[in-house]
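Guided by the hints, dock chain B onto chain A, whose structure is given.
One-letter residues, chain by chain:
Number of protein chains: 2
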Amino acid sequence: MQDKLSLMIPGPTPVPERVLLAMARHPIGHRSAEFQTIVARTTEQLQWLHQTKNNVLVLAGSGTAAMEAGIINVLSKGDRVLCGDNGKFGERWVKVAQAYGLDVQVIKAEWGQPLNPEDFREALEADGAKQIKAVIITHSETSTGVINDLESINKHVKAHAEALIIVDAVTSLGATDVPIDQWGLDVVCSGSQKGYMIPPGLGFVAMGDRAWAAHKTSNLPKFYLDLGKYRKSAADNSNPFTPAINLYFALEAALEMMQTEGLEAIFKRHHRHRHATTAAMQAIGLPLYAAAGCGSPAITAVAPQGIDAELIRKVVKKRFNILLAGGQDHLKGHVFRIGHLGFVCDRDILCAVAAIEAALQELDAAPNPMGAGVAAAAAALQSV
Amino acid sequence: MQDKLSLMIPGPTPVPERVLLAMARHPIGHRSAEFQTIVARTTEQLQWLHQTKNNVLVLAGSGTAAMEAGIINVLSKGDRVLCGDNGKFGERWVKVAQAYGLDVQVIKAEWGQPLNPEDFREALEADGAKQIKAVIITHSETSTGVINDLESINKHVKAHAEALIIVDAVTSLGATDVPIDQWGLDVVCSGSQKGYMIPPGLGFVAMGDRAWAAHKTSNLPKFYLDLGKYRKSAADNSNPFTPAINLYFALEAALEMMQTEGLEAIFKRHHRHRHATTAAMQAIGLPLYAAAGCGSPAITAVAPQGIDAELIRKVVKKRFNILLAGGQDHLKGHVFRIGHLGFVCDRDILCAVAAIEAALQELDAAPNPMGAGVAAAAAALQSV
Numbered sequence: 001m002q003d004k005l006s007l008m009i010p011g012p013t014p015v016p017e018r019v020l021l022a023m024a025r026h027p028i029g030h031r032s033a034e035f036q037t038i039v040a041r042t043t044e045q046l047q048w049l050h051q052t053k054n055n056v057l058v059l060a061g062s063g064t065a066a067m068e069a070g071i072i073n074v075l076s077k078g079d080r081v082l083c084g085d086n087g088k089f090g091e092r093w094v095k096v097a098q099a100y101g102l103d104v105q106v107i108k109a110e111w112g113q114p115l116n117p118e119d120f121r122e123a124l125e126a127d128g129a130k131q132i133k134a135v136i137i138t139h140s141e142t143s144t145g146v147i148n149d150l151e152s153i154n155k156h157v158k159a160h161a162e163a164l165i166i167v168d169a170v171t172s173l174g175a176t177d178v179p180i181d182q183w184g185l186d187v188v189c190s191g192s193q194k195g196y197m198i199p200p201g202l203g204f205v206a207m208g209d210r211a212w213a214a215h216k217t218s219n220l221p222k223f224y225l226d227l228g229k230y231r232k233s234a235a236d237n238s239n240p241f242t243p244a245i246n247l248y249f250a251l252e253a254a255l256e257m258m259q260t261e262g263l264e265a266i267f268k269r270h271h272r273h274r275h276a277t278t279a280a281m282q283a284i285g286l287p288l289y290a291a292a293g294c295g296s297p298a299i300t301a302v303a304p305q306g307i308d309a310e311l312i313r314k315v316v317k318k319r320f321n322i323l324l325a326g327g328q329d330h331l332k333g334h335v336f337r338i339g340h341l342g343f344v345c346d347r348d349i350l351c352a353v354a355a356i357e358a359a360l361q362e363l364d365a366a367p368n369p370m371g372a373g374v375a376a377a378a379a380a381l382q383s384v
Numbered sequence: 001m002q003d004k005l006s007l008m009i010p011g012p013t014p015v016p017e018r019v020l021l022a023m024a025r026h027p028i029g030h031r032s033a034e035f036q037t038i039v040a041r042t043t044e045q046l047q048w049l050h051q052t053k054n055n056v057l058v059l060a061g062s063g064t065a066a067m068e069a070g071i072i073n074v075l076s077k078g079d080r081v082l083c084g085d086n087g088k089f090g091e092r093w094v095k096v097a098q099a100y101g102l103d104v105q106v107i108k109a110e111w112g113q114p115l116n117p118e119d120f121r122e123a124l125e126a127d128g129a130k131q132i133k134a135v136i137i138t139h140s141e142t143s144t145g146v147i148n149d150l151e152s153i154n155k156h157v158k159a160h161a162e163a164l165i166i167v168d169a170v171t172s173l174g175a176t177d178v179p180i181d182q183w184g185l186d187v188v189c190s191g192s193q194k195g196y197m198i199p200p201g202l203g204f205v206a207m208g209d210r211a212w213a214a215h216k217t218s219n220l221p222k223f224y225l226d227l228g229k230y231r232k233s234a235a236d237n238s239n240p241f242t243p244a245i246n247l248y249f250a251l252e253a254a255l256e257m258m259q260t261e262g263l264e265a266i267f268k269r270h271h272r273h274r275h276a277t278t279a280a281m282q283a284i285g286l287p288l289y290a291a292a293g294c295g296s297p298a299i300t301a302v303a304p305q306g307i308d309a310e311l312i313r314k315v316v317k318k319r320f321n322i323l324l325a326g327g328q329d330h331l332k333g334h335v336f337r338i339g340h341l342g343f344v345c346d347r348d349i350l351c352a353v354a355a356i357e358a359a360l361q362e363l364d365a366a367p368n369p370m371g372a373g374v375a376a377a378a379a380a381l382q383s384v
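Heads up: the protein sequence lines correspond to chains A and B, in order.
Taking full-length UniProt numbering, the leading residue of the first sequence gets 1, the next gets one more, and so forth.
Taking full-length UniProt numbering, the leading residue of the second sequence gets 1, the next gets one more, and so forth.
With the rest of the complex left out, here is chain A (with noise of 0.2 angstroms):
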């Protein structure tokens, strides 16, 4: 059946109709009055989304863009950085890094634990030289499903005083809470196709005056880039580049849904569904990949054993049209991947929760009993 797809991947996550819509309009000049006015309007609401007084800037780009500018707006070659690495996007985060030479000390944990606050805390006391530029990490990693526990790793970069903090936030803005100002982080890097309920193509950097002061001497080389040019044409209610103005349109749409439902509500609702997912695949007597407590709330990896999770993930799709994600690089075949982020209610949780049981059913390893996994589903999402 054509155009019944439901997508439960990390993204793109599913988009609602009227921000689809709102997309679908003819496009006006970005050098207009009209268009100013446009980004006069997400950018506020942008910082609402982000919890900050401070910039907000927006990229015709994937989140890896917002990820590299995050870096080479604050660094100059040869700064010695911590990098967190315990998935697929903290592995990004160091190759970005070396990429633009920088002296790149990886803190590293095992695919499915969170990164160690110790580990960094011990790095950062043993720098009395205060040598350390930034301390970068991934706060959801959407390879494994582990949260990160930024707000301890932040108090330990707020110790050593002199380090920026670097987060890559692409999963975990608009799913919980990440309280830019309050928390003080200095460079937080997103993605559209994300929480904010948009199709891919803008990546979101915001920016604090402690990197805007690092911005002014770093001295790696770039250009489409350079927060600094994007900045000062934010100062106009424009963009320095042509902007992807029909993304700009959806951007509006969704996040006046947003504003329109409200942050608490929309942390509770991914939690939640963290809650609901990880219950119900533990009735049906499916491992979770990640360690017990770490849970993103965007996404749950579930890691079968005894059959192959590419073939779970296969039959869910093809019986009932449900995208789930699949395992990546070695964990490819032992593990799926539960998307439960951005435009995603209580009936797609049940509904993904379900399909899962039927496929195990039709594959000969039907949960006992069959249905344990809906009711888990279904108690959970009652009880928060």
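Any given hint could be a false lead.
Note that the list lumps identical chains together, so a pair holds whenever it fits in one copy or between two copies.
[To be verified] Computed cross-link-like contacts, DSS-like style, restricted to lysine-lysine with a CA-CA straight-line distance of at most 30 angstroms:
(1) K108 x K232
(2) K317 x K332
(3) K332 x K155
(4) K229 x K158
(5) K95 x K229
(6) K77 x K216
(7) K317 x K130
(8) K108 x K4
(9) K314 x K332
Honestly, the hints are just simulated from the structure, not real lab data.
Relative to the frame of chain A, chain B by itself:
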């Protein structure tokens, strides 16, 4: 009146309804077989449009991202390059090259004049040691409405035999003949909101074999814009980073329309519109800004005497809902620009000319006789 805007600027250009509707589809997973089919299809279509068997890589980003990628993927720090500069986008090439520490020799022409191919010949012939690594030029200079003689400049580059040619074809591709393989153009950059008839947000880079050879030794830092990653993924009909999925839907639909029209017919239409627009402006008595014989098929810049160009532009916008482009930088107030690029038909040209005449009449500067512009445009549209 709302939503009745007619875009006659050099980007964003008008978008066909079927392209807008294609873009409003719900996103699909970018790692799915269905999306691979779209990548395979658009790759073929892009090769058709670019008249090349080379890779044509698609970036989530604006035309400037494509330009920057065009430089940083084939050059190394300190490389000597010749950069043509006869307008705002030539200037941008210089700025990008300088941002990455290239040794830039600027070959200038006055705004409104074309680059002189002889200047390139002389500089290239003087380089007996073959130290010039690239010649970087703008084909259609959007700020002035001048088209540069790419074919002649390229011949001098080919005679040099060492230098690559890197071309900004942002407003020439899809408007006039740019036979990449036949001419041996090494790197050609463009953007979606132009001849492609889709909204902004995609950049394109066509890379030939010599450019890929240079990529191997290029040492400029890059990650998001590293085209090697895109080439590797393209071999699997995929993308290294989350692509702008909905703009791909639009791309596929727009390129299908272009293939139906045919390359020759598209070029002929743009040339006819240039001819009609310039003939009309001359009949009205409004001087053209570009030197005779050098008008771009994408855009005509007009330099009214004794009347503020912005005033004409504002009346045309306010009274007739047609958006013309203003002058950039020092040309503001001195020049207005009529875009005739992309999804533009004869009616649009006739209508823009009539609106300009009407605006002049409202400003007590009616052409003599009134209607001279429409008459000239109509005759020109009929003759080609």
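Intra- versus inter-subunit Cα pairing at 30 angstroms for K317 with K130 = neither (52 angstroms within a copy, 57 angstroms between copies)
Is the C-alpha distance from K229 to K158 at most 30 angstroms within one copy, between copies, in both cases, or in neither?
-> Result: close within a single copy only, 28 angstroms intra versus 36 angstroms inter.
Are the CA atoms of K108 and K4 at most 30 angstroms apart within a copy, between copies, both, or neither?
-> neither (41 angstroms within a copy, 56 angstroms between copies)
At 30 angstroms max between alpha carbons, let me know whether K95 reaches K229 within a copy, between copies, both or neither.
-> both (25 angstroms within a copy, 13 angstroms between copies)
Are the CA atoms of K332 and K155 at most 30 angstroms apart within a copy, between copies, both, or neither?
-> Classified as neither; 35 angstroms inside a copy, 51 angstroms across copies.
Could you place K317 and K332 in one of the four classes (within, between, both, neither) given a Cα distance threshold of 30 angstroms?
-> Answer is within; shortest intra-copy Cα gap is 16 angstroms, inter-copy 56 angstroms.
Measure nothing new, just compare the shortest in-copy and cross-copy C-alpha distances for K108 and K232 to 30 angstroms and report within, between, both or neither.
-> between (37 angstroms within a copy, 28 angstroms between copies)
At most 30 angstroms between C-alpha atoms: does K314 with K332 qualify within a copy, between copies, both, or neither?
-> within (13 angstroms within a copy, 58 angstroms between copies)
Using 30 angstroms as the alpha-carbon threshold, which applies to K77 and K216: within, between, both, or neither?
-> both (14 angstroms within a copy, 22 angstroms between copies)
Comparing the model with each earlier hint shows violations of hints 3, 7 and 8; every other hint is respected.
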